[in-house]
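For the record, the sequence lines run as chains A and B.
First residue of the first sequence: 7, per the numbering used here; consecutive thereafter.
First residue of the second sequence: 7, per the numbering used here; consecutive thereafter.
No wet-lab data here; the hints were simulated from the structure.
Please note: incorrect hints may appear among the correct ones.
For identical chains, the list gives no copy identity; a pair is met inside one copy or between any two copies.
In the DMTMM-like style, the derived pairs of lysine to aspartate or glutamate whose C-alpha atoms are separated by at most 20 Å in a straight line are [stated by the list, open to error]:
| hint | residue 1 | residue 2 |
| --- | --- | --- |
| 1 | Lys154 | Glu203 |
| 2 | Lys127 | Asp75 |
| 3 | Lys258 | Glu189 |
| 4 | Lys79 | Asp226 |
| 5 | Lys17 | Asp40 |
| 6 | Lys258 | Asp231 |
| 7 | Lys28 | Asp231 |
| 8 | Lys199 | Asp149 |
| 9 | Lys154 | Glu189 |
It should be emphasised that the depicted structure is a prediction, and the values quoted were computed from it without experimental measurement.
There are 2 protein chains.
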Amino acid sequence: MLSVFIIGNGKIAHHLVQAFLKTDVQIAGVYGRDIAKVNSFAAKYQIPAYSDLSKIPAQCDVYFLTVSDQVIKLISEQVKVHGLLVHCSGMMPISVLQNHTHYGSFWPIQSFSENNMVDFKNIPICIEASSEEDSRILEALADRISRKVQIVTQDQRQSLHLAAVLVNNFSNHLFALAAAFLESKSISFDLLKPLIEETVNKINYMEPRYAQTGPAIRNDIATIDMHKKALAENLPLLHIYDVLSRSIIEHKDNSNE
Amino acid sequence: MLSVFIIGNGKIAHHLVQAFLKTDVQIAGVYGRDIAKVNSFAAKYQIPAYSDLSKIPAQCDVYFLTVSDQVIKLISEQVKVHGLLVHCSGMMPISVLQNHTHYGSFWPIQSFSENNMVDFKNIPICIEASSEEDSRILEALADRISRKVQIVTQDQRQSLHLAAVLVNNFSNHLFALAAAFLESKSISFDLLKPLIEETVNKINYMEPRYAQTGPAIRNDIATIDMHKKALAENLPLLHIYDVLSRSIIEHKDNSNE
Chain A
7 MLSVFIIGNG KIAHHLVQAF LKTDVQIAGV YGRDIAKVNS FAAKYQIPAY
57 SDLSKIPAQC DVYFLTVSDQ VIKLISEQVK VHGLLVHCSG MMPISVLQNH
107 THYGSFWPIQ SFSENNMVDF KNIPICIEAS SEEDSRILEA LADRISRKVQ
157 IVTQDQRQSL HLAAVLVNNF SNHLFALAAA FLESKSISFD LLKPLIEETV
207 NKINYMEPRY AQTGPAIRND IATIDMHKKA LAENLPLLHI YDVLSRSIIE
257 HKDNSNE
Chain B
7 MLSVFIIGNG KIAHHLVQAF LKTDVQIAGV YGRDIAKVNS FAAKYQIPAY
57 SDLSKIPAQC DVYFLTVSDQ VIKLISEQVK VHGLLVHCSG MMPISVLQNH
107 THYGSFWPIQ SFSENNMVDF KNIPICIEAS SEEDSRILEA LADRISRKVQ
157 IVTQDQRQSL HLAAVLVNNF SNHLFALAAA FLESKSISFD LLKPLIEETV
207 NKINYMEPRY AQTGPAIRND IATIDMHKKA LAENLPLLHI YDVLSRSIIE
257 HKDNSNE
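Kindly produce the complete structure, drawing on both the sequences and the hints.
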């Protein structure tokens, strides 16, 4: 039976613990700097709580460093254990953990929220490790909670992280910009939700480049000009409209070559 | 019983006919310039086909002009009927139809595909008409096929169209850019689909501006710099990354004021 220990008590920690609780993996405990917070976390899942890093159990198979990128290196240097230490970051090289013998990365491709529990089974987990053997251990763990486990290189993981910013952060920002624009016209953003759902539904049966619609891909200059005119007093949004419309037109030209 | 006639045999025409076939609305026929194409369309739904505009029935309640924006005015001038003539455009002013006595717009907020049949019940329909009475007729028709009918002003309809470009066309383009970037790294775009689904799922219980995650909203300059470095040889994508990241940071600053 594999045993794991969770360092950190934020969103990823919650999701990992909930996922492992459904498996045969033993959760040896959770560490958090804030005693009250880590006690509350541990009580919720009935697992041991630790607020002193020097006292965490030393014999677990895998230690999950679920802290933010900025403190991964710092905290990893305070962790004195023999087991495999992994961070959960899409961007940090695993070499920041190289003061440990066994180290790696265990990165779920998801934007976790505190309140919304996503089904981990469908979340791809990217694995990278310092050795073949460590990679197999992480794969065994990941397979228990997800159906989509990928062994990746550092460049692939970082590329996925960058692409995730495009599809998640930037799309969401476009939603926010649209909502603010509609609010200024006394229109409910709810009216766009079915369209947004269909936009995403399409990627399940069509490559995005073939699903492109709208004035830019049609080279419908008249509509583009009307939109730009409507944004004449909203220069930041006009700039984004212009940059993305040009990009769509540019990619269309490329694919026609 | 209301009767309608469909001018045009493209994607919107297909979706409208399929929706009205489930109601008590009588579909008096469909017009298309291409005889073979309109015959095939009409046969599919067992409705009369017309390829001569001067011969279409003159006594229907509502005529749907489902043609592209560029030819709405031209074709509307060839339509000699007494009933209410509406276009299905998000952008065109209804005044382009003012050579008719009764005119308006009947615009479903959706990006229709040929093959994928969306459930019309959930598609918002925006209505604008030349008179109160015409508006009520369109509302009665729209209510039969959709649960989300909105009477809008021209400015509201055009604003919704612009916002639809942001959330649909631009998001899809970001998906396409991400897919191309990952392809260059030999990574499957499929790995991002659960994240994209969750991005959209979130808008159902959270305003987009509060759902924003990622390096820009966290002011995580280290990650942003790593991403930019990874895009050093992809200047068009670097530019988009930069513009949208700055916009997220800018909006964060505004909301903190």
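Status of the hints after comparison with the structure:
Taking identical chains as interchangeable, the C-alpha atoms of Lys154 and Glu203 lie at most 20 Å apart only when they sit on different chains, with a minimum of 15 Å there against 23 Å within one chain. For the identical chains of this complex, Lys127 and Asp75 are neighbours neither inside a copy (25 Å) nor across copies (45 Å), given an alpha-carbon limit of 20 Å. Within a single copy, Lys258 and Glu189 get their C-alpha atoms only as close as 32 Å, which misses the 20 Å cut-off; across copies the closest is 18 Å, which meets it. Only between protomers do Lys79 and Asp226 lie at most 20 Å apart by alpha-carbon distance; the minimum there is 16 Å, versus 51 Å within a single protomer.
When the C-alpha separation of Lys17 and Asp40 is checked against a cutoff of 20 Å, the pair qualifies only within one copy, where the shortest distance is 15 Å, while the shortest distance between copies is 58 Å. Only within a single protomer do Lys258 and Asp231 lie at most 20 Å apart by alpha-carbon distance; the minimum there is 19 Å, versus 29 Å between protomers. Within a single copy, Lys28 and Asp231 get their C-alpha atoms no closer than 55 Å, and across copies no closer than 38 Å, so neither meets the 20 Å cut-off. Proximity of Lys199 and Asp149 under a CA criterion of 20 Å is satisfied inter-copy only: 19 Å between copies versus 34 Å inside one chain copy.
With identical chains, the CA atoms of Lys154 and Glu189 are at most 20 Å apart between copies only, with a shortest distance of 18 Å across copies and 39 Å within one.
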